[in-house]
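Below are the chains, spelled out letter by letter.
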Amino acid sequence: MGESNASLQLTPDGNLRHFLSIDGLDRAMLTRILDTADSFIEVGERSIKKVPLLRGRTVVNLFFEPSTRTRSTFELAAKRLSADVLNLDIGTSATSKGETLSDTLLNLRAMASDMFVIRHAQSGAPHFIARSVTPDVAIINAGDGRHAHPTQAMLDMLTIRQHKQTFAGLRVAIVGDIQHSRVARSQIRALNTLGVDEVRLVAPYTLLPNRPEVLGARVFSRMEDGLKGVDVVIMLRLQRERMEGALLPSESEFYRMYGLTEEKLRHAAPDALVMHPGPINRGVEIESSVADGPQSVILGQVTNGIAIRMAVMSMAMSGQLGDRQSEQGEGVQAS
Amino acid sequence: MGESNASLQLTPDGNLRHFLSIDGLDRAMLTRILDTADSFIEVGERSIKKVPLLRGRTVVNLFFEPSTRTRSTFELAAKRLSADVLNLDIGTSATSKGETLSDTLLNLRAMASDMFVIRHAQSGAPHFIARSVTPDVAIINAGDGRHAHPTQAMLDMLTIRQHKQTFAGLRVAIVGDIQHSRVARSQIRALNTLGVDEVRLVAPYTLLPNRPEVLGARVFSRMEDGLKGVDVVIMLRLQRERMEGALLPSESEFYRMYGLTEEKLRHAAPDALVMHPGPINRGVEIESSVADGPQSVILGQVTNGIAIRMAVMSMAMSGQLGDRQSEQGEGVQAS
Amino acid sequence: MGESNASLQLTPDGNLRHFLSIDGLDRAMLTRILDTADSFIEVGERSIKKVPLLRGRTVVNLFFEPSTRTRSTFELAAKRLSADVLNLDIGTSATSKGETLSDTLLNLRAMASDMFVIRHAQSGAPHFIARSVTPDVAIINAGDGRHAHPTQAMLDMLTIRQHKQTFAGLRVAIVGDIQHSRVARSQIRALNTLGVDEVRLVAPYTLLPNRPEVLGARVFSRMEDGLKGVDVVIMLRLQRERMEGALLPSESEFYRMYGLTEEKLRHAAPDALVMHPGPINRGVEIESSVADGPQSVILGQVTNGIAIRMAVMSMAMSGQLGDRQSEQGEGVQAS
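Chains as they are written, first to last, in my numbering: chain A, 1 to 335; chain B, 1001 to 1335; chain C, 2001 to 2335.
Rather than coming from a laboratory, the hints here were simulated on the basis of the structure. Owing to the predicted nature of the structure, the values given are computational and were not obtained by experimental measurement. Any given hint could be a false lead.
[Said to hold, decoys possible] No more than 30 Å apart at the CA atoms, straight line, and that leaves these computed lysine-lysine pairs for DSSO-like:
hint : chain 1 : residue 1 : chain 2 : residue 2
1    : A       : 164       : A       : 228
2    : A       : 50        : A       : 164
3    : A       : 264       : A       : 228
4    : C       : 2164      : C       : 2264
5    : B       : 1050      : A       : 50
6    : A       : 50        : C       : 2050
7    : B       : 1164      : B       : 1264
8    : B       : 1228      : B       : 1164
9    : C       : 2050      : B       : 1050
[Stated by the list, open to error] Quick look at which bits of chain C chain B covers, simulated, 3 or more residues with Cβ under 8 Å:
hint : segment
10   : 2037-2050
11   : 2149-2159
12   : 2281-2295
Just so you know, even glycine gets a beta-carbon here, dropped at the ideal spot from N, CA and C.
Pulled out of the complex, with its shape left as it was, chain A reads as follows (with noise of 0.2 Å):
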């Protein structure tokens, strides 16, 4: 699937066009991603925010499943690129009159829309969007079932790299649902394509993934155990759903074992990251003091979540205009 992952993101000459997974893009390109946000970091600090690499651009928001801080983001993003952005909640629209999804994006298409971000809880929806249904429309994944959040796994890159500089030699432990986290694949493959000593996965076994293996990380089930001397702790967000599920036990013995607590974090090394998506649950999955404490960087990845979005839109639009030729000699130009 990498290998076609790669052409179905890539131009021919290696730029990227879609923006769907971190399978099949090569350190090379996470780390043009990465410095591409960095250049947008500068942005969000000026007082007028404002670049104009995606003026006259129209950006639809499609999300099939709600997610108001999700959206928001990408439309902040969006609008500080300068794109005109259109925000659809597709569960109320069109498909709802026996409309298909294929022809729902292809009337949005039909719009002259430029770029789809697209959430889903179908896993490979937005694969088979750019693949199959409207590929000369630069696609983004905002989140497809369990299968990939890509713009999370690269904030957290972003943020580890502003703090330790170098992805060499880091140990990286994600506690919490694996099984069930798009986060965390996406956060796996791409701590290990850009190089991390170890990632280690850390959970009851229940929620562990069934061949973590394959993904190129080590398991534990014991806190202690899979904390001891990391650089980075990355807990996930406890799904609620999934303890009526009677997958856990309960909120109360879930902290208990896989809470972040100070006590536990002292098993990691003194000067370890503490990351956690947002929004978090205190005392559910991480305890005030630490979540607020000097090792938490929980707001740094909220600011860096708009500068990689703006990285991969501003760069996804640049590629899908080198592609087209008609508009040769007109494309936006990412740095």
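The hints should help you fit chains B and C onto chain A, whose structure is shown.
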């Protein structure tokens, strides 16, 4: 009604100031709208799809009936004209606090709104507003009751002209639930005004209008007869609630008799256009291979929908400004 | 509370940095807000209604209580200042996933938001946020509990000044459910700060505040006495849920006693202004002929609402920037 529709929609010197219905607009005005839309087609193909015609203007989308699709096309059209857009879902807003429709509109006008795009379940609501409530705000009818949907009709005219160059000599069949269709009513009027040779209505007797001859159309109850030799086939959407009202036998029965299949299409001219306002119900109103076939111009209609909306919005804004003495000399110029 | 409200809302050199309540702002500051708003009135009359004061700034409308009308006025005001606007209906968002209010706000701040416009059912929520959560984001109070609605009060002051030139010597009656009205609380404070001669509260005893003399107002339970000779009559909205709570007899009974009819209005000065925050309930709080009559300035209040919001948004943004050392020299200049 034609006369009053003319004086209501046009300035004393014959420019558009509201766009409420095809009634009252002559062939020269419809042609001007099509020509203006043609100039915007090119805008949709540019990398920077913005023109500054409505810059600093405030367009309010007032949808008393929900329609994500139509609202999105007006929103995109307004943004490409550089307007500020406010979307109001009126069902959940002030009118539920006991405020009258007139007061809601006068309040929005007092906020210095320049244009209202109105969809309303009641026939004539946009006319009432343009005549009696806010005559100095440009009113665009986005569909009122069973009465009119003039931008849909005009995008259809634009599509026909693109492929057939002229309307003279054309025979056009409109197929489906004519009786309840505001789209059909506007199409029949536009086709006759633009000078086609013949408009045919194809439907079961229960779904035909009462006096089709007044509309300037011939009726057919057999699809094979109605399509014979026509140059354009316009399918309508089947409203499922009509079937529950016993006006129609069943979806499969309707498809058998009036669904546009490859076989039935062979009765039309070999180069007949296939049109549909969308969203399409494949296998209910139209066979998939016809919707996707070489004669289908359905996606072209969508593209033209943006251009037509840009055209009537910029023309009505320009006409309104011409009307206002106080703002003489700084009016927007529509091409 | 006045003192702390002053230091919370103002920079050390006396500029606005949040706009939370009239409390703590002196006559000079209220006058500065009115003067700034006056300069924006002219903007609403231009064909291009944009000024670049908030260009590249991100304004987040955080409505914990729904209010389409108030949200729309802030959205329009922000767009006319050229800001990027994000509308968040917080009821359906992250807070429902177990995230605290503080965490939601810190996350939005981390996305480089510059201003929060906050409506909240709890009195004091905007103050709490400005003091303890995100002091470096400009906070605008769009109505909190029964406490304050300061932009509504200031748009009323602007309307009075437009028609009466000065506040000295004016007698102003506020009529209706004073007890539960955040608007009335802000109006009383603003009127007294700006130096009117007398503020009168007209209501049944059940709807009067507990200690009106502390607020600086005289109370009247008979409409005829309360209106005698006043220069301004400000009607309040009747909250229907109060009637169910048995604090009021019935709509018709209320209208008979406190509805503003032509007959009752004759007790006021002949050139008395008639004001109402909208949406109006004709025949419940006010007679139609009075709402539409020559003394009514209700629609002028709406127009002024946009100007006042533009004024406090641009002034608070400017004050915030003055506070930030790092951005010295590139701050927005409000007139």
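Going through the hints against the structure:
1. A:164 to A:228: holds (18 Å)
2. A:50 to A:164: Judged against 30 Å, a Cα distance of about 29 Å means the pair holds.
3. A:264 to A:228: holds (9 Å)
4. C:2164 to C:2264: holds (22 Å)
5. B:1050 to A:50: holds (17 Å)
6. A:50 to C:2050: This hinted pair holds, its Cα atoms lying about 17 Å apart.
7. B:1164 to B:1264: Judged against 30 Å, a Cα distance of about 22 Å means the pair holds.
8. B:1228 to B:1164: holds (18 Å)
9. C:2050 to B:1050: The given pair, whose Cα atoms are some 17 Å apart, holds under the 30 Å limit.
10. 2037-2050: Since 7 is at least three, the answer is holds.
11. 2149-2159: violated (count 0)
12. 2281-2295: holds (count 3)
Checked against the numbered hints given earlier, this structure breaks only hint 11.
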